[in-house]
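For the record, the sequence lines run as chains L and Z. Read in order, the letters of the first sequence are residues 53 to 413 in the working numbering. Read in order, the letters of the second sequence are residues 53 to 413 in the working numbering.
It should be emphasised that the hints constitute simulated quantities derived from the structure, not laboratory data. There could be a bad hint or two in this list.
Said to hold, decoys possible - Covered stretches of chain Z (in silico footprint by chain L; criterion: 3 or more residues with CB under 8 Å from a CB of chain L, positions within the stretch not fixed):
1. 187 to 195
2. 253 to 261
3. 273 to 279
4. 309 to 321
5. 331 to 342
Unchecked claim - Cross-link-like lysine-lysine pairs, in silico, DSBU-like; alpha carbons within 35 Å at most:
6. Z/LYS231 to L/LYS279
7. L/LYS279 to Z/LYS263
8. L/LYS231 to L/LYS220
9. Z/LYS216 to Z/LYS337
10. Z/LYS337 to L/LYS279
Only a predicted model underlies this, so the values are computations on that prediction, with no experimental measurement involved. Here a beta-carbon is modelled for each residue, glycine too, at the ideal position from N, C-alpha and C.
There are 2 protein chains.
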Amino acid sequence: MATNVVGKFLIHDLHIHLRQGALMRAVTPTLNKAGIGAVFVMPNLKPPISTADQAVAYRSQLQALAPNVTFLMSLYLNPALTPAEIRKAKKAGVVGVKSYPRGVTTNSEGGIESYTVYYDVFKAMEEEDMVLNLHGEIPSDPDNDICVLNAEERFLSHLKQLHKDFPKLRIVLEHATTKAAVDAVKSLGPTVGCTITVHHLELIVDDWAGKCHNYCKPVAKYPHDRKALQDIIKQGHPRFFLGTDSAPHPRHMKETSVCAAGVYTGPHILAYLANALDSFGALDKLSQFGTEFGAKFYHLKESDIKNASAVTLVKEPFTIPQLVKYIDDEGVERELVPYRAGETLNFSILPVSNKRKASDE
Amino acid sequence: MATNVVGKFLIHDLHIHLRQGALMRAVTPTLNKAGIGAVFVMPNLKPPISTADQAVAYRSQLQALAPNVTFLMSLYLNPALTPAEIRKAKKAGVVGVKSYPRGVTTNSEGGIESYTVYYDVFKAMEEEDMVLNLHGEIPSDPDNDICVLNAEERFLSHLKQLHKDFPKLRIVLEHATTKAAVDAVKSLGPTVGCTITVHHLELIVDDWAGKCHNYCKPVAKYPHDRKALQDIIKQGHPRFFLGTDSAPHPRHMKETSVCAAGVYTGPHILAYLANALDSFGALDKLSQFGTEFGAKFYHLKESDIKNASAVTLVKEPFTIPQLVKYIDDEGVERELVPYRAGETLNFSILPVSNKRKASDE
Numbered sequence: 053m054a055t056n057v058v059g060k061f062l063i064h065d066l067h068i069h070l071r072q073g074a075l076m077r078a079v080t081p082t083l084n085k086a087g088i089g090a091v092f093v094m095p096n097l098k099p100p101i102s103t104a105d106q107a108v109a110y111r112s113q114l115q116a117l118a119p120n121v122t123f124l125m126s127l128y129l130n131p132a133l134t135p136a137e138i139r140k141a142k143k144a145g146v147v148g149v150k151s152y153p154r155g156v157t158t159n160s161e162g163g164i165e166s167y168t169v170y171y172d173v174f175k176a177m178e179e180e181d182m183v184l185n186l187h188g189e190i191p192s193d194p195d196n197d198i199c200v201l202n203a204e205e206r207f208l209s210h211l212k213q214l215h216k217d218f219p220k221l222r223i224v225l226e227h228a229t230t231k232a233a234v235d236a237v238k239s240l241g242p243t244v245g246c247t248i249t250v251h252h253l254e255l256i257v258d259d260w261a262g263k264c265h266n267y268c269k270p271v272a273k274y275p276h277d278r279k280a281l282q283d284i285i286k287q288g289h290p291r292f293f294l295g296t297d298s299a300p301h302p303r304h305m306k307e308t309s310v311c312a313a314g315v316y317t318g319p320h321i322l323a324y325l326a327n328a329l330d331s332f333g334a335l336d337k338l339s340q341f342g343t344e345f346g347a348k349f350y351h352l353k354e355s356d357i358k359n360a361s362a363v364t365l366v367k368e369p370f371t372i373p374q375l376v377k378y379i380d381d382e383g384v385e386r387e388l389v390p391y392r393a394g395e396t397l398n399f400s401i402l403p404v405s406n407k408r409k410a411s412d413e
Numbered sequence: 053m054a055t056n057v058v059g060k061f062l063i064h065d066l067h068i069h070l071r072q073g074a075l076m077r078a079v080t081p082t083l084n085k086a087g088i089g090a091v092f093v094m095p096n097l098k099p100p101i102s103t104a105d106q107a108v109a110y111r112s113q114l115q116a117l118a119p120n121v122t123f124l125m126s127l128y129l130n131p132a133l134t135p136a137e138i139r140k141a142k143k144a145g146v147v148g149v150k151s152y153p154r155g156v157t158t159n160s161e162g163g164i165e166s167y168t169v170y171y172d173v174f175k176a177m178e179e180e181d182m183v184l185n186l187h188g189e190i191p192s193d194p195d196n197d198i199c200v201l202n203a204e205e206r207f208l209s210h211l212k213q214l215h216k217d218f219p220k221l222r223i224v225l226e227h228a229t230t231k232a233a234v235d236a237v238k239s240l241g242p243t244v245g246c247t248i249t250v251h252h253l254e255l256i257v258d259d260w261a262g263k264c265h266n267y268c269k270p271v272a273k274y275p276h277d278r279k280a281l282q283d284i285i286k287q288g289h290p291r292f293f294l295g296t297d298s299a300p301h302p303r304h305m306k307e308t309s310v311c312a313a314g315v316y317t318g319p320h321i322l323a324y325l326a327n328a329l330d331s332f333g334a335l336d337k338l339s340q341f342g343t344e345f346g347a348k349f350y351h352l353k354e355s356d357i358k359n360a361s362a363v364t365l366v367k368e369p370f371t372i373p374q375l376v377k378y379i380d381d382e383g384v385e386r387e388l389v390p391y392r393a394g395e396t397l398n399f400s401i402l403p404v405s406n407k408r409k410a411s412d413e
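Construct all of the structure, not just a fragment, from the sequences and the given hints.
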């Protein structure tokens with residue numbers, strides 16, 4: 053067995069959806085033994101996490117479910133957000149503010165152009181050293197040839213403008229999927245980072261065309277886009293780091309006429325990541341991409357990760373469970389279908405125990 | 053009511069999947085009263101229609117189910133096909149030979165990899181004045197940046213080469229989805245035609261992303277591609293004509309983890325077509341695109357359409373049924389979900405009778 057040990061790892065997932073209610077209680081505890089130090093938690097609940105108080109309350113719920121994990125919280129950018137609330141959030145330990153295109157478009161006909169209405173908030177965030185997290189897509193607009201395939205590329209001018217107007221504001225372009233996005237982030241200054249999911253390192257458009265469990269937003273794009281994501285990691289660029297965008301939806305919301313967008317990678321992040329990196333010769337970048345670069349961008353200190361312990365990654369076959377069952381808020385048994393369900397990865401974390409994992413979860 | 057009459061129409065669908073067994077028996081009779089004169093029938097059954105005798109037998113089955121409709125039959129291009137079989141097929145009234153690239157759509161595992169091995173067959177087809185029908189996509193190949201989004205554009209060099217080598221062979225590029233394909237067909241000689249589906253006049257990639265009932269191969273592409281398809285019809289180009297690619301799959305094969313490719317438009321072709329054309333100001337092209345251009349390319353004579361009668365199209369609201377039920381070959385009740393199920397179109401054919409239609413089918 054010893055010859056198959058890759059090493060000990062404690063990774064950070066700087067973009068994750070942990071939901072609320074029964075689904076939150078189902079997915080959050082799986083992080084405890086997953087080798088996760090810190091996670092940056094998305095605020096898109098119903099209702100969205102819009103205030104410091106809400107973020108603190110949500111963090112308490114999550115912390116109780118996964119005591120070993122450090123939860124970095126975010127607010128949902130919205131018109132009610134004020135500089136005063138930003139300062140209050142900072143004091144409460146909130147780390148970032150997430151911008152979704154839809155939230156922006158409700159405020160002006162020009163959609164994403166209306167970032168200017170948030171400039172006083174961004175100014176406060178810059179002063180308080182908070183992070184602005186961008187879902188980097190503009191709304192589809194067929195009259196201007198904009199669809200899900202070029203929505204990210206067409207967004208990049210907004211990223212550049214925001215960075216120009218707030219050069220000291222830390223900005224993360226979330227879940228990049230295109231070569232254009234990689235090139236844009238590379239070209240910008242040290243305050244601009246970028247998360248990359250595991251599944252976007254493996255999928256292209258063919259893999260979600262008619263395959264609902266691989267369907268997420270932003271959609272996976274062309275092979276050359278996937279290669280650009282792989283290459284920037286292989287190069288060890290310090291402003292690109294892991295954010296899985298793990299987004300569980302119950303199976304009946306996926307395998308239906310209108311599929312919920314999201315890929316569920318949460319419970320096996322480290323195994324997926326090792327498998328993906330190894331597939332393009334970048335296993336040696338696991339610590340940098342999965343741990344160090346994200347920690348540095350987010351100013352994570354050793355003391356922040358006080359309770360987490362590293363896990364041992366081994367090169368041993370590991371079969372992803374077909375299903376994860378849970379009881380929803382109405383008491384109905386539901387199922388989650390993990391990414392690559394039923395497939396066997398080349399990596400696992402100790403103790404390797406497929407059968408126990410499958411039934412435990 | 054009289055003021056809402058658009059006119060009387062008898063259209064031809066030069067690309068349709070009528071399946072076999074119970075599904076064939078469920079979908080074929082709906083053509084009887086649909087205002088369909090002739091249909092060109094795809095040969096991708098299990099096993100494929102590979103010989104003249106098989107095509108004749110299949111035609112007999114279909115004719116019994118829809119006596120008013122003229123069935124133009126095709127063979128599945130395969131290595132066993134000989135010039136002698138081509139001549140036999142011609143004598144038996146078979147009209148075309150369909151080429152599928154390997155693995156790109158339903159039942160295409162036996163598809164072609166190289167056209168040059170078929171040149172003696174194509175020569176015989178040219179001499180016999182048969183039609184070569186091309187599924188115009190090359191297989192995805194990530195190492196060469198080929199995926200479902202550019203598979204059609206990358207195929208076009210093959211179309212051009214075939215036309216150059218067999219200038220008198222009538223060739224149809226089936227179900228074009230891109231501006232590149234429209235431009236290529238336009239640039240070629242009078243023996244090259246092109247079918248366009250109704251759904252590709254309405255859908256872009258956003259419409260099938262996560263929406264299984266709009267997922268088909270080739271996939272709908274960018275807004276500018278959709279506009280190119282609309283524009284060529286609006287221009288009244290005589291080598292572009294209707295081929296719906298209506299492709300029914302039972303619901304449980306669509307709303308699942310790996311969705312069958314195909315959009316089911318068959319029972320309401322004329323209403324869908326009128327609605328689509330009207331949406332971009334081309335309702336006046338209904339006869340040309342839906343009837344005349346296809347008939348001319350396929351050398352259809354009045355005497356070929358002997359039993360069909362035109363139907364009256366009216367501008368009256370028509371709601372597409374949510375489901376069409378049938379009993380499959382194992383005796384299990386199954387459902388088909390028609391294109392735009394539950395949506396209300398602006399056009400119908402007389403008699404307008406939503407309720408009766410929904411239950412009849």
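Do three or more residues from the stretch 273 to 279 of chain Z put their C-beta atoms closer than 8 Å to C-beta atoms of chain L?
holds (count 4)
Three-residue Cβ test at 8 Å for the coverage of the stretch 331 to 342 of chain Z by chain L:
Violated: only 0 residues of the stretch 331 to 342 of chain Z have a Cβ under 8 Å from chain L.
Okay, the stretch 309 to 321 of chain Z and chain L, do three or more residues pass the C-beta test at under 8 Å?
holds (count 5)
Is the straight-line distance between the alpha-carbon of Z/LYS337 and that of L/LYS279 35 Å or less?
Not satisfied, since the Cα-Cα distance of roughly 45 Å exceeds 35 Å.
Distance restraint between Z/LYS231 and L/LYS279, which requires alpha-carbon spacing of 35 Å or less:
Given pair Z/LYS231, L/LYS279 holds - Cα atoms ~26 Å apart, limit 35 Å.
Can you confirm whether the C-alpha distance between Z/LYS216 and Z/LYS337 stays at or below 35 Å?
Roughly 30 Å separates the two Cα atoms, so the pair holds.
Below or equal to 35 Å on CA atoms is what counts here, so check L/LYS231 against L/LYS220.
Given pair L/LYS231, L/LYS220 holds - Cα atoms ~25 Å apart, limit 35 Å.
Per the coverage rule (Cβ-Cβ under 8 Å, at least three residues), is the stretch 253 to 261 of chain Z covered by chain L?
With 5 residues close enough to chain L, the hint holds.
For the pair supplied as a hint, L/LYS279 and Z/LYS263, is the alpha-carbon distance within the 35 Å limit?
holds, 27 Å
Are there three or more residues in the stretch 187 to 195 of chain Z whose C-beta lies closer than 8 Å to some C-beta of chain L?
holds (count 3)
Of the numbered hints stated above, those contradicted by the structure are hints 5 and 10, listed in ascending order.
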